[in-house]
Amino acid sequence: MRSPRAATVVLLVCLLALALLPLVAEKYYIQLFTKMMIMAIFAMSLDLLVGYSGLVSLGHAAFFGLAGYSLAFAAPQYEAANLWLSLPLAMAGSGLLALVIGVLVLRTSGIYFIMVTLAFAQMVFFLFHDTKIAGGADGIYVYAKPVAAIAGWEPFTLENHTQFYFVVLVLLVLVYAFLRMLLASLFGRVIVGIRVNEQRMRSLGYRTFRYKLACFTIAGALAGMAGYFAAAQFGFVSPDILGWHQSGGVLMMVILGGMGTLNGAILGAFAMMLLELGFQGLPAMGGVDIGKHWQLLMGGFIVFAVLLLPHGLLGLGRLASRLLRKPAEEAADG
Amino acid sequence: MADAVLRTERLTKHFGGLAAVNDVSLEFYTDQIHAVIGPNGAGKTTLTSLLSGDLVSTSGSIYLDGEDIAGLSADRISQRGVGRSYQKTNIFLPFTAFENCRLAAQSRLPSSMRFTRPALRYADVSREALRALAEVGLEHRAQEPAAALSHGEQRQLEIAMTLATRPRILLLDEPLAGMGGEESARMVELLQKLKCAHAMMLVEHDMDAVFALADRLTVMVNGSVLESGTPDQIRASAAVQEAYLGSEEQHS
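If you read the sequences in order, they're chains E and U.
Residue numbers for the first sequence follow the working numbering, so the first one is -8 and each next one is one higher.
Residue numbers for the second sequence follow the working numbering, so the first one is -19 and each next one is one higher.
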């Protein structure tokens, strides 16, 4: 058995490393890790659905992207949005969209659920793509980062990339803690029960639809948090952040890291983005520009990982800890 | 005699052209075990599913305390005090035996839309879960994953989960199926004890247990009630002899 203490130590070491990173890293890497942490929040929000509730959504980018657009709307032209107002509004907007879509899609399950989540997300995509609401297919700029002013006092500024990094790090920890709390609560036990055996949950007296809908809404709002900061960091929003590519990408992060574990979702997000960079950076060999075809390598890696690591990259850690423990146990027995 | 807690009136369920349950009118009273027997395919499990809300009837009524509940969803019927156990073990395999019962007991809280306090801090719920486990004799296995339990123990867990929802009416679909002799005896003893506070429908193939427990017996054949009465009446019935009990003796 894996001792929970070892996992906690690993987790704290990772957190410490993230907290110390800005002291040693250049701006480029600080921004890269900021982006990775934003995607980790996005991946955790999807894992709440895929890994814990058993709801495989292929339309999660709709909630991510909508919040990005919310920020763009809240910051017209060169005026900066107020963080304390626009962030809750953006999350509420994404949550509301999730509530509405959830009422419709949660009546289906299995492959149909995957299809209708995709269909609704594509509807949102084409709403922004084909109309002039926010620059259509060209997208829209977010010129100024949101300001965190409370009555004239600014505790931090997102214009500074290091401060932006720490804000996102704090949010990553908060979302992680929030989800841990949620999963240990009465509500959390119910949604995991629904994943394992929904019919039995109904016969025990649970109105499962309500719990799934609440879960879908919470996941949508959290995806919104990630989308808001992604837009704030990048300074630009286009329909691509709502598209199925984005939904598929985050789903791959969750699967790669290990479904049904928050640590896995974070690990998957980090691993995917680092791999992408690594593959892109490969030099040309024998006249073939490998880096340009990084997606081919990535696809191969994903197939490899899914086949060999049914529990995702996190399963690798478990395997390692078991191998490390074995000789020790044998020594103790002998 | 007091009014029936649960009563069906001309209850019918069609699957396409097949009448799985046909015109069944039965009554269930507190302090009584009403056993339903019949050959395979007689419609016993379908009848159970109609009463628990897992299936919706084609026609007819189900009265719970005088109120028609036919057409209500399974969760609402459960909340009204009807507890069902399944013939095919229907539990949460990855969870511990305790968590299976804890979830069942949790369902009796007014709402599980509670997001902050850890579930394990609801002491009443945990106590109720342990009580149900103790009742079926599984308390020593509480922390085992349900998947690691033996078949007989899983059957016991199935009953414990139903008990943890504190039902007034128990619908037990072959609770003894696949149980060893000792487990079986223990279960029969438990059912005898539960009779005082519950109305009980018992679908069972074990005739020794049925005749030991039942206050009232209904024999179903091809979806219809062939005969309904006291165990002595059923034993004496010529129709039953011919259609069911007799034929089984010939086989054996």
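Read the hints as simulated data drawn from the structure, not as lab findings.
No experiment lies behind these values; they were computed from the predicted model shown.
Hints may contain errors.
These stretches of chain U come out as covered by chain E in the derived footprint (C-beta under 8 Å, 3 or more residues) [unchecked claim]: (1) 70 to 77; (2) 82 to 96.
Some chain E residues well away from chain U (every beta-carbon gap over 12 Å; in silico) [claimed, not checked]: (3) 18; (4) 101; (5) 272.
Ideal placement from N, C-alpha and C gives every residue a C-beta, glycine not left out.
Violations among the numbered hints: Result: no hint breaks.
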